[in-house]
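In order, the protein sequence lines correspond to chains P and D.
Residue numbers 99 to 328, in this note's numbering, belong to the letters of the first sequence in order.
Residue numbers 99 to 328, in this note's numbering, belong to the letters of the second sequence in order.
Source of the hints: derived by calculation from the structure; they are not laboratory data.
Among the clues, some could well be false.
Examples of chain D residues toward chain P, derived with CB under 10 Å [as the list claims (entries may be wrong)]:
| no. | residue |
| --- | --- |
| 1 | G151 |
| 2 | P153 |
| 3 | V157 |
| 4 | A208 |
| 5 | Y247 |
| 6 | D248 |
| 7 | R250 |
| 8 | F251 |
| 9 | A255 |
| 10 | P256 |
| 11 | P283 |
| 12 | F289 |
| 13 | A305 |
| 14 | A313 |
Backbone N, C-alpha and C fix where the C-beta goes; we use that ideal spot for every residue, glycine too.
There are 2 protein chains.
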Amino acid sequence: MPSDQHGPGNPAPASPSAPPPTPTPGTVRPGGRTARTRAAVRDAVLTGLVEHGYPGLTVEYVAERSGVHKTTLYRRWGGVEGMLADALDLAGEDTWTPPDTGSLDGDLRALAQEILDTFTDPATAAAPAAFIAAAFQSDRAAQALRGFYDERFRRCAPLVARAADRGEIPAGTDPGALVRAVGAPLFLRLFITREPVDAAAADQAAAAALAAARAGVYAATPDTTGGRMA
Amino acid sequence: MPSDQHGPGNPAPASPSAPPPTPTPGTVRPGGRTARTRAAVRDAVLTGLVEHGYPGLTVEYVAERSGVHKTTLYRRWGGVEGMLADALDLAGEDTWTPPDTGSLDGDLRALAQEILDTFTDPATAAAPAAFIAAAFQSDRAAQALRGFYDERFRRCAPLVARAADRGEIPAGTDPGALVRAVGAPLFLRLFITREPVDAAAADQAAAAALAAARAGVYAATPDTTGGRMA
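Same shape as in the complex, but just chain P (with noise of 0.2 Å):
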């Protein structure tokens, strides 16, 4: 990813495993004062998020980070909810584009390191492990986070219809599927068995979707793909 896609305080790349902390300058849609007051907004969610979690985040904390008024934070968003959707919505705005290596194997090794890279660096881990964990207490960020996911998966479609054209698997490959396999066993001991990940384990990850791939097991009817090789 290019160097002048962060600015100060936006170390994080836009990877397919997770929002950014802040968006990256060149990302903002032109829109004045809006826009700005819309970032102010969402740069102060994250902050809090990450400070206090989705139980220590108010109104009130937003409205003094930000310094945007109260009342224009609930007239605009309704309330905390409707705020930390909309901080999520704006991160699913990058320009964030899956890897084009040559290779399928490449392609799936290098999502692998961008979801290692993102989470084992605490500055660009802190905001995405918040979102994740605010979806459990809240339902409208759990919508928000599948909102962006089925995004990334969309964003991935290219890449995987690239592999298909070379005929590194079969036609009809589901992206999304193809793309959750390798992220799955990291975010898996990173969230939920709570163990350590490393090189080892991205790399075994993606060489595991494209096993499983190859087999024919994301194809859209897996007991015909030999005859489906593109």
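On the provided structure of chain P, position chain D as indicated by the hints.
Below, chain D without anything else, positioned relative to chain P:
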């Protein structure tokens, strides 16, 4: 799972995925009053977690709910974190063993189905989901969760050894890696991307884990698996 392992109010099977809300009667170790006190505290902790989440769980709540005096709670468990960790330890002392269907494919599908069943029934899903959520807020809960899953993976070693003996997968396949692979896509949907899970997702998770295991991805030396098949 035989129905006599479930007492009233103990609806959760002891799955590979999650601690049951309360232990099955046959699995409570003998110990008279001490064991009963421990179980009462565990029940109160789980009820409190499910109803109020970790931030709302207090020693006062557990004392009132369990009938165990606050002084005893502080003396034996130190506080909320100790009670939470002990509740998870107690859940891990059950008699769960992995499926043994005669084939690795059948075993992995049965494992995935157990996870699906646990988390699609609100009665059995609540407590494990609350533990997973608590681990975001308590390092001690995270440690206890890791210990719980370590033990689950350990118990799956015979399942993997049987498959290697039958020549279905390379000898030296890592049980933890294989069992993690079965659960990971389901836990990802449930707690990260917040997508629905169903029988198709469970079967796909099992099929992907099987394909990767057959390809030697989880073997100690994946590049030499051809020569290491049992």
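Earlier hints that do not hold, by number:
3, 4, 9, 10
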